[in-house]
Each structure stands twice: as C-alpha cells, then as structure tokens.
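Chemist: Sequence lines, in order, name chains S and F. Residues in the first sequence are numbered consecutively from 1, following this note's numbering. Residues in the second sequence are numbered consecutively from 1001, following this note's numbering.
None of these hints come from the bench; they were simulated from the model. Computed from a prediction, not measured in an experiment: that's the story for all the values here. Please note that the accuracy of each hint is not assured.
To be verified - Label pairs and their in silico Cβ distance ranges:
1. Asp1042(F) with Lys28(S): 44 to 52 Å
2. Glu45(S) with Asp1150(F): 27 to 35 Å
3. Glu45(S) with Asp1248(F): 31 to 39 Å
4. Glu45(S) with Gly1037(F): 32 to 40 Å
5. Gly2(S) with Gly1037(F): 22 to 30 Å
6. Ser1081(F) with Glu8(S): 40 to 48 Å
7. Asp1060(F) with Ala42(S): 29 to 37 Å
8. Lys7(S) with Asp1042(F): 31 to 39 Å
9. Val1245(F) with Lys36(S): 25 to 33 Å
10. Glu1218(F) with Lys7(S): 43 to 51 Å
11. Lys28(S) with His1106(F): 46 to 54 Å
Unchecked claim - Below are the BS3-like pairs computed for lysine-lysine, each with C-alpha atoms no more than 30 Å apart in a straight line:
12. Lys38(S) with Lys1249(F)
13. Lys1207(F) with Lys36(S)
14. Lys1207(F) with Lys1183(F)
15. Lys1233(F) with Lys1160(F)
16. Lys10(S) with Lys1249(F)
17. Lys1265(F) with Lys38(S)
18. Lys1233(F) with Lys67(S)
19. Lys5(S) with Lys1183(F)
20. Lys1258(F) with Lys1184(F)
21. Lys28(S) with Lys1233(F)
22. Lys1221(F) with Lys51(S)
23. Lys1040(F) with Lys67(S)
24. Lys1249(F) with Lys5(S)
25. Lys1265(F) with Lys67(S)
26. Lys38(S) with Lys1207(F)
27. Lys28(S) with Lys1249(F)
28. Lys10(S) with Lys36(S)
29. Lys36(S) with Lys1004(F)
30. Lys3(S) with Lys1160(F)
31. Lys1258(F) with Lys1221(F)
32. Lys1004(F) with Lys7(S)
33. Lys1183(F) with Lys28(S)
34. Lys1265(F) with Lys51(S)
35. Lys1221(F) with Lys3(S)
36. Lys1183(F) with Lys10(S)
Idealized CB from N, CA, C, for every residue including glycine.
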Amino acid sequence: MGKPKLKEHKINRRWCKGCGICAHFCPKNVLEIDEKEKVVAARPEDCIACKLCELRCPDLAIEVITK
Amino acid sequence: MAVKDYIRERFFPQMWCPGCGHGIILNGLIRAVEELGINKNDIVMVSGIGCSARISGYLDFHTMHTLHGRALAFATGIKMSRPELNLLVPMGDGDALAIGGNHFIHAARRNIDITVIVMNNRVYGMTGGQFSPLSGYGSLATTAPYTNIDHPFDAVDIAKSAGATFVARSTTYHIRQLTDLIKKAITHKGFSVVEILSQCPTYYGRKNREGNAYEMMELMKQITTPVGSKAKKENPDLVETGVFVEIDKPEYCAQYEKIIERAKKDGLVRSPSTGRGRVSPGLG
C-alpha cells in the first residue's frame, strides 16, 4: 500500500470561520486564508495528504479526499 | 461511517467563536467514536451549561442538555437504569470543578462507568470571560483586571485523589493523542476523566495576550511535556500530558447488580415473576 495521494480538498465555505488553524499548522504550507476570511487550497500540488488540517478544524469545514 | 453521520448538520456552522478549541475536541471525539465503531444509538451524551456543554447539540447521539454542573448526576441516573449504554459527559472547567465540583468528586469516588471530558479553556466564556477555578494565579480575566489571586485546581490531581480509575490529559494541539486518549477512556470500565486543554481566543487569549487561536495552540505545545519526561524534572512548570492513572477497581453498576442478586436470594425483594418473597420496609 503506497502513500495516499491527494484528490482534492473539500472545503465547506459556509462552515469555515477563517480561524487559520489549518493554514498555520499545514507542514507544506498548502492552505491560505483568502480576502473573504475563508480557507482555500492555494498550492494543492504540495499536499502530502497528512490530514492534519482536517483533524484540527474546529468547524469540520475541510476534508482531504485521497485517491 | 463518515464524520457527517455523527453530527446534526442542521445546527452547523456551530456557534463557537472562530478558532475555539471546543470545535477541535468535537472533531477528535467524533473520530474516536468512529474508530471504536460504537453504534451512535448506544451512546448517551449528557452535558451541563457553558460553551463546552453546547457540544451535545451538535452530536447525533442520545443527548441531554441539563443543569449547570449537574450533568454527572443525570448521567449517573441514566447509567444505573441502562448500564449497557456508553455515557459521555463533556464538561467545562467551571462546570466540572466549580459548580459541579461535588458531583465530580463523588462520581469519581463511586467509580461508575462514565467518561468525563473536561474541556478546560480556563475561563467562563459564555457569560463574558469571568475567571474560573482553573484560570490560575496571576491570570487576567474580565473579573480580574488586576490579575487573579486565586490558586488553580489541577483537574488531573483532583480526579486521581477522588478515585477515578482512568485519568489522562491532552491538548487541542495534540490532536492524535487527544483522539487516542478519548478512545482509551471510553473503552475503560470505570470512571474515566480526560482533561483537554482548550483555547479561548476571545476571552482568555485576548485578556492574557496569548494571541489568536493558533498562537495559543503553539503555546500549548511549548508548555506541555509527556508524563514522566526528563524535561519535567528540569522545568517543574511544564504541564504533563498522557495517561496518569489506569487501574482496575470494581465498577459501580456491576456491584449494584450483585447487591440486587443477593437481596433477591435473601428474599428481601419480591420476585417480579412469582410475586413471592418477603417485603421489608424500603426494599419492597
């Protein structure tokens, strides 16, 4: 079984409050908070699918979908 | 099952402030239940009052939102009547150790099979940021503008000395450990307490200049160390995380069942099937 690879970041913009926890603790600096104070996957190609953002999101607003 | 199967989506987005650690505990708790594979209909969550207590509204278990500090009394009643159910009691620091302090120590003393999750954000957030018994000496709060002179409780020490048979501590920064400890606490037969240090950026963080949510979480990483580590000996101010107590002791509901059996044998309780048996005052 190889390492899981990213398919997409499923972000629920209605639930996200832009606290920035996911973006701050991302080891690969994939996520950013946009001008509307919601998270976006700015550099998805760098994602290693560690799911730390998904596990730490207080709003259950981000999900890392793997292949 | 997916995370969404355990929540009541109609109540989302949840009402906690942006970056509140209680949401992270909600997240970790769902994953713990999911990994244990417990049927959500076999779980009863009883909460009291406060920011922390709102967690029961978001989870699709059997839930009860009860009186301030008294969640453990309600949970004891449910557990005694339906011992096969898993009881989860999320409590805030004030809910558990100030308002509900007596319920907490006596539930621990009985060793009834209930899992308590103390969501410790060191402040009364819902009512406007008053200091709690876990705020700590020298901290600032809306009701302590010239610093708090109350010395804090240590939730782990209290649980230990009151007789809890599983006691652990984690933080919202240590998300994998948090999930793991909740799993262990639910599986443990007896009174289990998991204290989770949580951040309140709105009140505690702002008043004590600890920064925003992730800065507070970075601070948790700095001030904690695994239990029994060398770092703790060098710096006694560090807060230990991990499992402190894990022992076997007779569980309350199981012992109570034995008492009923003994009383039946002595004929003190009227048998429901035959109607025979001596009825004595108070037992009939």
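Chemist: Please check whether Ser1081(F) and Glu8(S) have a Cβ separation lying inside 40 to 48 Å.
Modeler: holds, 47 Å
Chemist: Would you check the hint for Lys1183(F) and Lys10(S), treating anything up to 30 Å between C-alpha atoms as holding?
Modeler: holds, 27 Å
Chemist: Given the proposed pairing of Lys28(S) with Lys1233(F), does the C-alpha separation stay at or below 30 Å?
Modeler: violated, 34 Å
Chemist: Would the pair Lys1221(F) and Lys3(S) pass a check requiring their Cα atoms to be no farther apart than 30 Å?
Modeler: Holds, at roughly 27 Å.
Chemist: For the hint 29 to 37 Å, verify it against the beta carbon of Asp1060(F) and that of Ala42(S).
Modeler: 34 Å Cβ-Cβ, so the 29 to 37 Å window holds.
Chemist: If I claimed the Cβ atoms of Glu1218(F) and Lys7(S) lie 43 to 51 Å apart, would that claim hold in this structure?
Modeler: With Cβ atoms ~30 Å apart, the hint is violated.
Chemist: Could you check the hint for me, namely that Asp1042(F) and Lys28(S) are 44 to 52 Å apart, CB to CB?
Modeler: Since the Cβ atoms of Asp1042(F) and Lys28(S) sit about 39 Å apart, the hinted range of 44 to 52 Å is violated.
Chemist: Does the alpha-carbon distance linking Lys1258(F) and Lys1221(F) stay inside the 30 Å limit?
Modeler: Judged against 30 Å, a Cα distance of about 46 Å means the pair is violated.
Chemist: Would you check the hint for Lys1004(F) and Lys7(S), treating anything up to 30 Å between C-alpha atoms as holding?
Modeler: Holds: Lys1004(F) and Lys7(S) sit about 19 Å apart, inside 30 Å.
Chemist: Starting from the hint 32 to 40 Å, judge whether the C-beta atoms of Glu45(S) and Gly1037(F) obey it.
Modeler: With Cβ atoms ~35 Å apart, the hint holds.
Chemist: Taking only the CA atoms, is the gap from Lys38(S) to Lys1207(F) under or equal to 30 Å?
Modeler: Between Lys38(S) and Lys1207(F) the Cα gap is close to 26 Å, so the pair holds against 30 Å.
Chemist: Holds or violated: Lys1221(F) with Lys51(S), Cα cutoff 30 Å?
Modeler: Distance of about 19 Å is within 30 Å: holds.
Checked against the numbered hints given earlier, this structure breaks hints 1, 2, 3, 9, 10, 12, 14, 16, 17, 18, 21, 24, 25, 27, 30, 31, 34; the rest are met.
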